[in-house]
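J.: Numbered according to the numbering used here, the sequence shown spans residues 1 to 367.
Everything labelled a hint here was simulated from the structure, so no lab data went into it.
Among these hints, one or two may not hold up.
[As the list claims (entries may be wrong)] Below, simulated SDA-like cross-link-like pairs (lysine to any residue); rule was C-alpha separation at most 20 angstroms, straight line: (1) 171 to 238; (2) 212 to 171; (3) 143 to 160; (4) 297 to 287; (5) 171 to 190.
[What the hints assert, rightly or not] So the derived label-pair ranges between C-beta atoms look like this: (6) 302 to 203: 29 to 35 angstroms; (7) 358 to 38: 33 to 39 angstroms; (8) 302 to 148: 37 to 43 angstroms; (9) 119 to 342: 39 to 45 angstroms; (10) 153 to 364: 54 to 60 angstroms; (11) 240 to 127: 51 to 57 angstroms; (12) 358 to 247: 47 to 53 angstroms; (13) 238 to 111: 31 to 37 angstroms; (14) 169 to 88: 28 to 34 angstroms; (15) 110 to 218: 16 to 22 angstroms; (16) 214 to 58: 35 to 41 angstroms; (17) 129 to 302: 23 to 29 angstroms.
For each residue, glycine too, the CB sits at the ideal point set by N, CA and C.
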Amino acid sequence: ALNLLSVYVNKWQIQLKNNANIFCSFVILALGGFLKDPFEHLQKHPHYYTSLFDLKNEENTLLNAQSIGIIGTRLSAIDASSQLIQLGYKGKIYMASRSGFLPSVKNFHYAYKPKIVTLDCIRRLTNNFTHEIALNDFINLLKAEIELASGKSIQWSKIFERHMFKISWLKWQIAMAKNERVLWSSILASIDDTVVIVWNLLSDNDRQIFEKKYAFFWNLYRFSMPLDSACQLLSLMNKEKLTICANVSAPFLYNNIFHFHGQNCKNGKNISVTADALINTCGINYHLNSVDSLLIKNIIKNKISTPNMNGGFELNTENFMIKDQLYALGDLTKGKSFITNSYLLCSKQASAVAKDILEIIKKHDIK
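Work out the full structure, taking the sequences as your base and the hints as a guide.
T.: The following block contains the structure:
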């Protein structure tokens, strides 16, 4: 779709690239995510990939590559690495990001019921006049919940240290994941709905503080990888088949080969990487003013909706309506929903949208 225009009551006009028009009573924007940096200068290269779905179609090309670079070190990067191994790739993999940090390792799953981070506690801590909760109060609740479940005090200053990824950290995470008494993953997963509520009770200033001080660690520990994946990565590193790099520079082309610089997380030394293929898994750009989408640009230009300062569009969190029977799902709701990469929360969004549409159809007898 190129454009979206409200033409008359209860109807949206969708303009397509081939100049065709579609008229709809309801429109749901479920566009997925936009890359933080699509590296436009690389896009014409036949061995530059921005979608994991392309990898299986390029099996012969990839298997012949001596080295493959992956920009990103989180879940999508790990999925890319796993796909390469499943295809039978025997060459060298370089995985690189600013911190070099892999996700935490998923602990033994337990249907944990929070005892401290509860809606009742959130209500008690919410200011009656401002209707806001202080970020520090919520962080302290979360720390207390984890310590209660762990049965011991935790040195949070060490947990919140920002430093370069080390293999020793991955080994520590694997050991934690094998310990059935460690419930970090279960605790964080159990409070998703509460976290979304808290996010919308924070002041704008506290949201900014969270992004600067805590977002890195939230993403690190909340969105974890399976134990099998962690063990596979450790094995690849021990066999010198995988190198994790931090402080990565922007990739560039020279003599039709991909190049980037960084720091080898294994020994801390600077490293210059050359790769025959490059996979971009650098993450999602939630800030819509800077995404490369003509549809999004036209929605903003035509003042159909405005971007939320924390990502996605401004919208109603009850039914995820942006305006006049126009809805958004997933990453486009980031500023209000906070968590958009949980299939459970996204399915709840879809359910709320479907319910609202059915109620409107019944009430107004829309055909």
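J.: Look at each hint and say if it fits the structure.
T.: Hints, verified against the model:
For the hint pairing residue 171 with residue 238, the CA-to-CA distance comes to about 12 angstroms; that is within 20 angstroms, so the pair holds. A hinted pair counts as satisfied when its Cα atoms are at most 20 angstroms apart, and residue 212 with residue 171 does not qualify at roughly 27 angstroms. Between residue 143 and residue 160 the CA atoms are separated by roughly 12 angstroms; this keeps the pair inside 20 angstroms, and the hint holds. Distance check on the hinted pair: residue 297 and residue 287 sit about 12 angstroms apart at the alpha-carbon level, within 20 angstroms; holds.
Between the alpha carbons of residue 171 and residue 190 the distance comes to roughly 25 angstroms, so the proposed pair goes past 20 angstroms and is violated. Distance hint for residue 302 and residue 203: a CB-CB separation of about 31 angstroms, consistent with the stated range 29 to 35 angstroms. A C-beta distance of roughly 37 angstroms is found between residue 358 and residue 38, which places it inside the suggested range of 33 to 39 angstroms. Between residue 302 and residue 148, the C-beta spacing of about 51 angstroms breaks the proposed range 37 to 43 angstroms.
For residue 119 and residue 342, the hinted distance range of 39 to 45 angstroms is not satisfied, since their beta carbons lie about 18 angstroms from each other. The hinted range of 54 to 60 angstroms is satisfied by residue 153 and residue 364, whose Cβ atoms lie roughly 58 angstroms apart. For residue 240 and residue 127, the Cβ-Cβ distance of about 55 angstroms falls inside the hinted range of 51 to 57 angstroms, so the restraint holds. Between residue 358 and residue 247 the beta carbons are some 51 angstroms apart, a value that agrees with the proposed interval 47 to 53 angstroms.
For the hinted restraint 31 to 37 angstroms between residue 238 and residue 111, the CB-CB distance of approximately 35 angstroms keeps it satisfied. Judged by the Cβ atoms, the range 28 to 34 angstroms given for residue 169 and residue 88 holds: they are separated by roughly 29 angstroms. Remark: the range hint 16 to 22 angstroms for residue 110 to residue 218 is upheld by a beta-carbon distance near 20 angstroms. Remark: the range hint 35 to 41 angstroms for residue 214 to residue 58 is upheld by a beta-carbon distance near 38 angstroms.
Distance hint check for residue 129 and residue 302: the Cβ-Cβ separation is about 38 angstroms, which falls outside the suggested range of 23 to 29 angstroms.
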